[in-house]
Each structure stands twice: as C-alpha cells, then as structure tokens.
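Engineer: The residues making up each chain are set out below.
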Amino acid sequence: MISIIRTSLVSLRRDRAALSLSFVLPVVFFTIFAIIFGGRRNSTPKVTVIVVDEDHSRASERLVKGLQSEQSLMVKTKQGAAQPEYTAATAEAAVKAGTAPVAIIVPHGFGANPMSLGAVSNGPAVGLLKDPSDMVAAQVATGLLQKVALTSMPDVMAELGSRYIDQYAGGFTAEQQKRIDAGLEELRRETGQRDTIAGVGRNTTGDAGLIAVQARDVVGENKDNPMVSFYAAAIGVMFLLFTASGSSGSLLDEVDSGTLDRVLSSHITMTRLLAGKLAFAMLLAFSQLVLMFLWAWAVFKLDFLPHIPGFVVMGVCTAFAVGAFGMLLASICRTRAQLGALSTLVILIMSSVGGSMFPRFLMPQAMQKAGLLTINAWAIDGFTKVFWRDEPLSHLWPQVLVLVAVGAVLFAIARRAAHRWEIV
Amino acid sequence: MATVPISSAASPLPLRIEALLKRFGPVTALDSVTLHIEAGECLGLLGPNGAGKSTLIRSIVGRVLPDAGTIAVFGSGADSAGARMALGWVPQDLALYPRLSCRENLESFGRYYGLSGAALHDAVAWCLGWAALTDRATELVKNLSGGMKRRLNMAAGMIHRPKLVLMDEPTVGVDPQSRNRIFEMIEKLHGEGMSIIYTTHYMEEAERLCDRIAIVDHGRIIAMGSNEELVQRTFGSRSEVLARFQGAPELCAEWVERKGGRRVGDAAQFTIEHPTEIADLLDDSASAGLMLVDISVRRPTLESVFLQLTGRELRE
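Residue numbers (the numbering used here), protein chains in the order written: chain A, 1 to 424; chain B, 1 to 316.
The following block holds chain A by itself, in its conformation from the complex:
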C-alpha cells in the first residue's frame, strides 16, 4: 500500500500538468469566484445609473444628490468630464448602447408634485429607462430611488404633507372626510397589491411608492428571453477556446510523429503551416458558433436570421482570435499533456473573468475591467451588441478591432515560438 502511494506521489510530483490541475486551478478558481461573489470586503458591485435632471428644482436636485451619495450606485450625469449633461434622448441611447443598464429621468414638473401617495398623485412620474438584460440593476435603482425619496427629501415631504392637510383636512367637511377615506382606502388597496419589485416590470407605472416611476425597456422590447443570446455567446466562446487549443494541439502531434519535419522539408514553410492550422481552427470555431446559435434560434427562439451579418462579422473575428490563442498555446507547449493542463487552466480563468460563466455586469468594477483582458469579454460584448442591442455593424468596430488585433499579436508570438521547430 505504502509503496503504491510512494510511486504515485513521485509520478505526480514529476507531472507538472497534473500538479497544476490538482492544486493551482482549484485555488485560482476559488479566488476568482470569491471575488465575484463578495468573498472579500466591500466587493458589492456598483450599479451604473445615468441620472437626467430635467426639472432642476430643489426637490429634483436633492433627489439627484441623494442618489449620488448612495454607495451602491455609480451615478453619471455627464457623458464625460468635459461633456454636456445627459438628456432624456442621450440617456436612452446610452442605455441602448450598454453604457449603463439604467437611466433615471427626473421630468419637468417633478418638484411641484414629487410625491405620489397612491392614486392621488397628479405629478409627472420619474422615468426609468432600463436594459432588461441586467435584471438586477433596475431593481436596485428603483429600490434606492424610493429610499432616497424617504431619506433625502424630508423638507419636501413636510411641505407636501402640509399641502395635503391644507387640501384635505381644512375643516373636514363630510365631503372631505369621504375623500380622505377614499384616498386612504385606495392607498391601502394599492399597498396590498404591491409586490416587492413594483414599478420595474417591462413597461409599468410604479406609482405605489413615494415617487411615481414609469419604467420602460429601451432595448430588447420584443425579445422573449434576454439571456439566450448572452449565454449562446458566453458558453460558445468558452468552448471555442477549448476547441481551438485542442485542434492546434495537432502541431504537437506532428512534432512527435515526425510529420512536421517531413512537411517542412517539402514546399510548406512554418508560416504557411501555422496559417493553415489557424485557418482550420477558425473554420472549426466558426462552425461551432453557427451550430450554437442555430440551436438557440430553433429551440430558444433567438432572433437569429435578421442578425446574420453581425453574427458573421463577430463570428469570424472571434474565431480568428481564439484560433490564434490556440496556436500560441500549442507553440509554447512541449507535449500534449502540457497543452491540456495549460489550456484548461488559462481558458477556465479567462472564461470566469471574461463573463462566460457569470455576467460581467454583475461583477465588481475591478473584475469587470480585468475581464477586458480576455477574448471572452470582447466577443460576448460584440455578440450582445448584435443580438440584444440590435446595433448596426458599424458599432462593432471596437470589438472587431480588439479581437483582430489580439489574434494578430497572438499569432505573431506563436510564429516566433514555433521557430524552435524550424531548424536545429
């Protein structure tokens, strides 16, 4: 028994690939998810909210200031430091473009009648423009909006209360009493019907809180399942990375079998060989994406057909980047086993940080930024633009540029690393 354990231990100690999979990967993975899900202090992700104050009244300014002081929110009122303030239109465009998942529009006339005590409110409702793909952000923003109304506007509430007393309690005639009773009854009835996320449905008037909120989806209004396109891309890219590294591993097989020597003694140069293998990896990856999205279209009603041009652009760029990534891994590894361990380690880390396992918008800010170092994040962002935000092809340029540049750089490094096989 002990001799078997000893033999196994010696074998394991000399197998770096198995060692890293056994001990490094679990710790790295645990650390990533601990960070994502708040295992470390102050790691609750902030929700980015665009706030547009159209009213510029004392009440609206206090409301905006109250929102800005909330630690769970990152309030944006301007498009940039030297940029003009957001308007309702630019805020809506920004939510559509994915700059922020929610925009709060404080309308003209809000200050004159900010509170909505049930059905008696006559003031304009606060607009809540939201991207339903981020299911958490709108709920957080709405809840905090009501909280801020309570905590940040006591004078406004007092002024409104005296106005109500003057309006409803002056003399308390029979008619007045009847109206108060009716109002209270209505308030009670509304309160009874209120659910915990009142006012953040698809397109609803949430007038059951202190502030009336008119929520509206500004993106994906006609889509049934907002997460299908996200996960088709997210899961797709992760498996593309595995496929690409596996397919590029044929380079190591050729080294082992000696076919690489034979190939390189023919008309084929190393650059042509790597380019050919990259082209094959791209073809394989693109086919895999096609299958994934066709399945999503057939089974989960993904709106695929109108988005074919965008899919092709993103598909080709993503396939190029993951193909080059696979070539790089294969060219720096010495054996298939080494490639298997390294690719598993790197791909799982990239996928967790890059949003293939968990949406990046739900991660802490630092993790969201770290995600931009991965192919996954750029590919998922691009596919989201195509399928979720219905953005035109021209809006894909940042993702296309980054993926193509990453692919080119990785391929160049792979070519350099493969020089060791060219000639001895």
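One or more of the hints may lead you astray.
In the SDA-like style, the derived pairs of lysine to any residue whose C-alpha atoms are separated by at most 20 Å in a straight line are [what the hints assert, rightly or not]:
(1) 78(A) with 68(A)
(2) 142(B) with 336(A)
(3) 142(B) with 250(A)
(4) 163(B) with 263(A)
In case anyone wonders, no lab produced these hints; they're calculated from the structure.
Following the hints, complete the assembly by docking chain B onto the known chain A.
Structural biologist: Only chain B this time, still in chain A's reference frame:
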C-alpha cells in the same frame, strides 16, 4: 513512375558535401564530413546508433543547420526550392497521419509538394503500387501492420518523384519478411537509376543494397568505398579465422590477447595472411590448455572492417 533520368556527365552531381560540421553543445555530431554521390548510385552510410548518420541526412534535407561546410543538391543549396523538389526523404520515424488512410496520407504529402489533379492521382497510384499497398489504399494507417507502415513511410517520401532519395534506417523494427520486401522496393528504384543514400547499422543491408559504403563513427567518415574496396583496404589479402574453444574463459581471453586476436562473443577472432598460420594457432592453443571446438575461415566483412577501424562492434 517514369524511369528517372540519370544525370549526364556534364550535369552536377546529385549530392556534394564539403567539410560539413555540426555541433550540439559540446557534442560534435558531424566532423568535417566530405562526400559525394554519383547519379544512379546507392551510397550506404553505415555506423552505430549515435554515429551522426541521421544528423547528416537531416542536414541534407535542410532540417539541421550546419555550423560550417557546404551541401549542394544537383548544384543547388540544400534549402533551395530546387533541392527540395529533387530530394525525397524517408525519415527514421513513421512520419504519417495515423487517422488518415494510405491514399489520404499520400495525397496530403503530394499536395505539400505542389502536386494536384492528374499528376497527384498518378503519383499516388505509383506509390501505392511500389509499396504494394494498392489493395490497402483506403485502410487507416493506424490499422496497418508495422511493415506496411514502413512501406507507406517510404512511399510518402517518393510522392513527388525525387531524383535523390535519402532513406534513414527504413527497416527499423520490421520483421525479416517485410525487410525483404523493402529491399525489393529499394532495388527497384536503384534499378531505375535513382540516386539513393541509405543509412543503416546492419552491414548485411549495406552489403546487399549499396554500391559504395561510408563508415561513419563519432560524426566522421572513417572509410568509404565499395564493400570489396573497404575490406581490401583494411585487411589486404588477409583472412579471418574464427575459433571456439573449450576451457576456462579467463584462460582463453588471456591467450587470445597474447596472440593479438579479439574476443567476439564466445569465439576468438584472428586475421591471418596465410592458411599455414592456422596450424600454428591451433598448436599454440593446445599448448595453452585450450581444446578446440570448431574453427572457420572467411573473408573479412564490413563488420570486421568496422571493428578493425574503431575497435568496437557495429551494434555496440
């Protein structure tokens, strides 16, 4: 395959190597190697494992960059496009795609050499026929026997119909029957005028297949010529006597050393100028207390030449 035209006298030699030097760190793999091969000639590189034969072959096909010296293939540099087309290489490893069939392998390597269409089809058909694999054309390589894989490995090196073929121990690991078949394939090429370099550490193969033999040891060519020339140059008219004795091994070893012979297995080996020397040897052995079991006289072999020149056996 059409008969390969043999270079005319005015044509450059199929291969000319001058003062080739290659070091791998402290190890000198090739040490001032100079040789050439005539058109239609089969040159054997005979030497033990690690002698530098494969490094020499890999230098010729451009897979090893020499530290010094020159290689000319039909007058062109080893890494030139002309040399690549003129050279065929049968590596020692089974450099084949195991999940592809015989035909698919040949087609792949043919395309790597720029063949297509009817030319590729004809070349594949010729290679399959030459390797006697026509009836196994659609068989996956991983399902072939060792001998068949070896033959396909050779055929893949011939797919572009080279004028000079380099065979690096093509019979490694095959059974005697398959080895004979491989010999027949090589003899067919040789008969058609193909220039061949054949590396081996089996002297029987070199003796059977090669017009000239270069004996390689420690990266150097220590002798070169035909089988007969090498023996003549090394032993002159001397013969080789092999005798086995009964008696204490220590006593036998001491006697063999005293008489200037060598121990080869359980036998004693001497070279003699005249047959009369045999009687002297037998008398002396009897005086030393050794009892003769059997004795034979033969013309020295390449093995003897190698032993004589290096002090080691070929397969050590």
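Engineer: Run every hint past the structure and note whether it holds.
Structural biologist: A quick look at each hint next to the structure:
Under the criterion of a C-alpha separation no larger than 20 Å, the hint pairing residue 78(A) with residue 68(A) is consistent with the structure, at around 13 Å. Between residue 142(B) and residue 336(A), the direct Cα distance comes to roughly 19 Å. Compliance with the 20 Å bound is thereby established for this hinted pair. For the suggested pair residue 142(B) and residue 250(A), the alpha carbons sit about 16 Å apart, so the restraint of at most 20 Å is met. Simply put, residue 163(B) and residue 263(A) have alpha-carbon atoms about 18 Å apart, close enough for the 20 Å limit, and the pair holds.
Checked against the numbered hints above, the structure breaks none of them.
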